[in-house]
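Peer 1: Residues per chain, in single letters:
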Amino acid sequence: MNFGPLIFLGVLATFVASWWGLVFAPQLQIGSQQPAQVDAGIYPTRRLGLAEQGREVYVANGCVHCHSQQVQQDSYTFDVVLLSGGTNAPDAVAKVIERVAPGVNAKEVLAKASQQSPQPLLSNVTQTVAADVQKALKATGAVAQAVFIPLGPDIARQWGTRRTVAADYLYDYPVQVGNSRLGSDLSNVGARTPAADWHLHHLYNPRTVVPGSIMPAYQYLFETRPVGKKRSPQALTLAEKFAPKKPGVDLEVVPTSEALQLVAYLQSLRVDNALFEAPSTQLAPPAAVAGTNAPVATNAPAAANAPK
Amino acid sequence: MNGSPTSPVSTPKPAPLPTREEFVAQIDASCRVLLIPIVAALAWLLISSILALVASVKLHSPTVLANCAWLTYGHTRPAANDAFVYGFASQAGIAIALWILCRLGRTTLVGAVPIAIASLFWNTGVKIGLYGIFTGHTTGFEWLEFPTAGSVILIASYAVLGICALLTFKARRHAELFPSQWYILAALFWFPWLYTTARLLLVWFPVRGVMQVAVNLWFANGLFTLWLSSLALAVLFYFIPKLANVPLHSRSLAIISFWTLAAFGCWAGFYRGLPLPAWMVSTGMAAAMILLVPLIATVSNLWLTLGDGNANKPPLLGFFKTSVVFFALGAVFAIFAALIPQLRLTLFGEGVEQLTLYGFVGLALFGAIHYLVPRLTGIASEKFIGVNCWCTFVGILVYAGAFIVGGMVQQPKLINGSIPFAEVMNATKPFIRIGTLGLVLLVIGNAAILLRVLSLVREWCRACCAGCCGREAAANLKLKPAEAAR
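So the sequence lines, in the order shown, correspond to chains A and B.
Quick note, the first sequence lines up with residues 1 to 308 if you use the working numbering.
Quick note, the second sequence lines up with residues 1 to 486 if you use the working numbering.
Note that these hints are calculated values from the structure, not bench results.
Heads up, a few of these hints could be off.
These stretches of chain B come out as covered by chain A in the derived footprint (C-beta under 8 Å, 3 or more residues) [to be verified]:
no., region
1, 140 to 150
2, 372 to 379
3, 425 to 439
Predicted, not measured: the structure shown is a model, and the values here were computed from it.
All residues carry an ideal CB built from backbone N, CA and C; glycine is no exception.
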């Protein structure tokens, strides 16, 4: 340890090793990842126009210092839904259903399934159980579907329908994953709160829509000016408490182009599709949407993506 | 074997040998140029803590200064961090490292003029970088926010400082290397490698997608564990045996801690839940655990050295002792942050960062500056040391402590999806308020050390002028050489 060059070589070797391991190796693994073909087309796609300009506003204002863009997932579970009772004798099917899904009123479910599907059979089961039920029902001619359900606090808060994976960030630069959750996670804010008006009011003064919020007001992204001949259609509708006041002048608050860009960017943030490596369900679990007939199409790809 | 920095000099020259005291005074005089980076670093330190205070106030009173785009939280927070790391810690760290290289190598400083010029440029780089952050020209990557103009100046001026440091190292007249020198030598290379690699891969030829996250976290972790920690450890390994007046307890332990830190230091930094390949996160968590080895080796080595020392210990030792304790706490908490779900994303993450920055790196550098500046200027004064010491110590405990406890309160709420997020957010408020109090103390402490150094420099200038102009000599203010050599 008294020889400078020896220390230099050792230090170089350890540094290069860590670079090799944590930069070069993952670069080989995921550095040239390409967008995937999903049901809705190609995912992800580049942001365009206002949303892309808004990304720059987001970066410039350092939003990343409070808001993360990473959805974490603790575990997953499966639900089983009945898509169709099939054409066989309902009694035979009902018998099987009663066996595999005790506690379910089989006849009622079968009757309902002919009008509205899917009908919930089982919830919160393991993948093996779900597959067995599917198999047993298939033998009777009925069609059941195992639905993949990601679990975790982030998903419960609707911060995303699934965990985020490398593919979600392919076209982001700089990637704003963030290390702080002083504010809520924004990965899915475009799907969670799509209204532009809400975002504009929230940016002007977060307390207008979220009482007690600690988010700074971004009033410099808005122009406060006297009302001209007519009130601008873009002007915010602010409660008395939050409206800017100047005696004798009627003021209005109008978003600047930066505010509009930022909102377009926020609206573009969504993690609500299913990927091969990160399957998901729709935001509401199937049991809750059983009253509508929409989820068949949306659940099917999710379940198809579930690990077999 | 134990290379004590206080062992007598054996110069082979036949010329009339200067006494040891004269020789040390000669070395210190050659290092006077380091007052430039030290004063500048302390100015950045004060600016950094004021910016952090503004950021902290904004978190619990978001309407304060809401119309000022420059001072929004998203600007003040990164500006405070970068001013601390690049303005204060790196700059002061390099200056102190240069002085340690001179003292341990028994040689005078090489390249005083280039160092002075490079320091001025380094500060220009920090200024441009902070201006970039305030005006929204950040790169968007944590710890690398400076826009290209600022960072290029930093790299160029670092090259000059680094080369001067290497030349000083090369010119040493004492062949045996002390652990401080290993850390300094390694850090001198680690920083430019880390910084330029990260800039290249993130800003100049950016990698795609989450690879940016990988590179950014790799850099951020390296910046802390390799660069800042090495500088601070060099200071601790130098000053603790010196002030306790005993040789380092065990050189073998120091070798173990140095090489395990070098080998695993750069592998940590990834935490649970990141959208990275799972093996990277596991590697990061494993490395965080392995870093306990250098931690235990270093802390026990330094602590045993303190135990070996005589009872009569100079008060400055308190800075270094406390720094060791905060080093240990910060490293252990960093393991929790990597392993416990979402803990890194709460106030805890920031609390641990600040604990490491102020408690470990900051206190070590403060102690070194308090020791160094009187010897560079030749003026003895104890003014403001107490204020700096206590305000910084209590300030860190309050600030980092509030954030760490706040994070522990926030985390169980954050991982319970049935609790609305507004409630999670509200839970943080009291802790942020307490943190603001801690920051007020840190601002006072930082102002105190800046004032002390400025007053010493002022006295020195006066004494110097008086000497030059032949008026009353301020000799009574001057430190006696024997005292200086201690």
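Peer 1: Hint by hint, work out which the structure violates, then give me just those numbers in ascending order.
Peer 2: 2
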